[in-house]
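As they're listed, the protein sequences go chains A and B.
Counting in the numbering used here, the first sequence tops out at residue 105, every number present.
Counting in the numbering used here, the second sequence tops out at residue 105, every number present.
Simulated from the structure, these hints should not be mistaken for lab results.
Each hint should be verified, as a subset may be incorrect.
If several chains are the same, the list does not tell them apart, and a pair holds so long as it fits within one copy or across any two.
[To be verified] Within a straight-line C-alpha distance of at most 27 Å, the following computed BS3-like cross-link-like pairs (lysine-lysine) qualify:
#1 10 / 96
#2 37 / 96
#3 37 / 10
#4 57 / 37
#5 39 / 28
#6 99 / 39
#7 39 / 83
There are 2 protein chains.
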Amino acid sequence: MSILDVKWDPKEKKIARAAFDKAYQREMGDIKAALREQIAKLKDDEMVWSIHNYLSDRRSKVDNKYDYRYSQLLLVFGRLLKEGYLKEEDLFGLSDDKIKLIKSLSSNK
Amino acid sequence: MSILDVKWDPKEKKIARAAFDKAYQREMGDIKAALREQIAKLKDDEMVWSIHNYLSDRRSKVDNKYDYRYSQLLLVFGRLLKEGYLKEEDLFGLSDDKIKLIKSLSSNK
């Protein structure tokens, strides 16, 4: 199966949506924790702009990454699995060939 | 005296620099306090992006406002006085006509 002709049945779409949302929440949780840590250390004026730079960078990556088009989803999941925001168990219930492709995409990048 | 032909003697330049820096520190202090307040209330993921929007907005205003060119300084001081980041006592030692112009610019805008 190529990632270009992958089909998602209704049950898989539900699993994919939940996995996608969970990964997003995990990543946002990381960003919130990092933000709180930076604020706790905030002293110099210029650190305010470092925090702004940090958020700009994370936001642009998040915006770019969380693309819920079915044509992109295996690539997105591969990346999220590699980065640790998606766990293998989140994919449980997807077809074996999809899981295999996601794992292979996750190790390729 | 027009703001176009204003001259700054060395003593005034020193006072102006100190006043400018003090206003900047006050404004950054405000931003830091607002940031800490927002972080204390941080719950939903989307609030992270509200904080980012807040910092983007303040940064662009600060970058635009703190222009230390002598040709701009009376206008800058007028605005900072109006906004409360500059205090009248910070201007002590500048010529009377400069103070008068700054005050008039501060009430005009």
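Hints and how they fare:
1. 10 / 96: This pair counts as within: shortest intra-copy Cα distance 19 Å, inter-copy 68 Å.
2. 37 / 96: For residue 37 and residue 96, neither the intra-copy (43 Å) nor the inter-copy (42 Å) Cα distance is at most 27 Å.
3. 37 / 10: Cα proximity of residue 37 and residue 10: none, with 41 Å in one copy and 32 Å across.
4. 57 / 37: Cα proximity of residue 57 and residue 37: in one copy and across copies (24 Å, 24 Å).
5. 39 / 28: both (19 Å within a copy, 9 Å between copies)
6. 99 / 39: neither (43 Å within a copy, 32 Å between copies)
7. 39 / 83: between (37 Å within a copy, 23 Å between copies)
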